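Protein chains in written order, with this note's numbering: chain A, 1 to 120; chain U, 121 to 268.
Honestly, the hints are just simulated from the structure, not real lab data.
Some chain U residues flagged as far from chain A (calculated, every beta-carbon gap over 12 Å):
| hint | residue |
| --- | --- |
| 1 | 129 |
| 2 | 132 |
| 3 | 157 |
| 4 | 192 |
| 5 | 193 |
| 6 | 194 |
| 7 | 208 |
| 8 | 244 |
| 9 | 249 |
16 Å max Cα-Cα, derived EDC-like pairs, lysine to aspartate or glutamate:
| hint | chain 1 | residue 1 | chain 2 | residue 2 |
| --- | --- | --- | --- | --- |
| 10 | U | 145 | A | 82 |
| 11 | U | 161 | A | 43 |
| 12 | U | 155 | A | 43 |
| 13 | U | 240 | A | 36 |
Chain A is faced by these chain U residues, among others (derived, beta-carbon under 8 Å):
| hint | residue |
| --- | --- |
| 14 | 140 |
| 15 | 141 |
| 16 | 143 |
| 17 | 144 |
| 18 | 151 |
| 19 | 168 |
| 20 | 169 |
| 21 | 172 |
| 22 | 229 |
| 23 | 232 |
| 24 | 235 |
| 25 | 238 |
| 26 | 241 |
Bear in mind the structure is a predicted one, so any value in this text is a computation, not a measurement.
In this text, a Cβ means the ideal position worked out from N, Cα and C, and glycines have one as well.
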Amino acid sequence: MDLASIVKILNLKVYSGMDKLNRSILGGYTGDLLSDVMANSQEGDIWVTRQVHQNIIAVASLKDHAGIILVHGAEPAKDTLDKAIKENIPLMVSEQSGFEVVGQIYTLIKGGGNNAVTGH
Amino acid sequence: MHVHEKPIYESSHTVEGGNFDEAGKVASQIKANLKKVGLRKDVIMKAALVAYESEINIVSYAKKGMIQISVTAEKVNIEAIDEGQGIPDINLAMQEGYSTATSKIREMGFGAGMGLCNIKKFSDLFQITSEIGKGTHLKMVINIVNGS
Chain A
1 MDLASIVKIL NLKVYSGMDK LNRSILGGYT GDLLSDVMAN SQEGDIWVTR QVHQNIIAVA
61 SLKDHAGIIL VHGAEPAKDT LDKAIKENIP LMVSEQSGFE VVGQIYTLIK GGGNNAVTGH
Chain U
121 MHVHEKPIYE SSHTVEGGNF DEAGKVASQI KANLKKVGLR KDVIMKAALV AYESEINIVS
181 YAKKGMIQIS VTAEKVNIEA IDEGQGIPDI NLAMQEGYST ATSKIREMGF GAGMGLCNIK
241 KFSDLFQITS EIGKGTHLKM VINIVNGS
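With the hints as extra help, turn the sequences into a complete structure.
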């Protein structure tokens, strides 16, 4: 499933990296501790976090993440958004909690069967 | 040691202590340079992680520091040398979860007590020496040959 479909189904607000939404999402990671994300996330992951500081962009860039989803309607700090635009990394915001965001994405990309992608 | 191993790439980067806005910049430069050198992706990812955690440590705990990298056909050598407070108890500092980070550092997602552990985990060789009031010196090697 590509990132654009996830954006649509989860109703994410996209702040940057609009031209990178065609990337296929195979997995993801969730966490607010940057060292944890550095060590355990994988290239191409979608990263779900509540951390809004600009250093998340460096981490996502170093790990070649497909994008970052900030949860609970967290507004990205201005410096964070500037860096996301500069690095052209999709920075997205969900109004939902991390639990709900991760649960939905997991079902979409790992759920398999047709019933998982109805979007109802 | 290894005098006959000619480096195919070398660089040296200064890191400013306390400047969290620029934290990660040196690691990004190193990653981009190693891509140009044409190293394997897994080697680049390990080197980027090791450089990143070293950089964050300097930014968090030192006045200033330097990250040096040298690549031979066999390995990537990374050294992080800082002028800082030093580490009183290295065994304690190497314990996952142990941290002396301030709340300001933790609020930004750093200071989880994982940095040195990550460096050790992603390096094939890791050496740390530290002197109180002077600074800390990290030496890491990532194997290219026989790496997995």
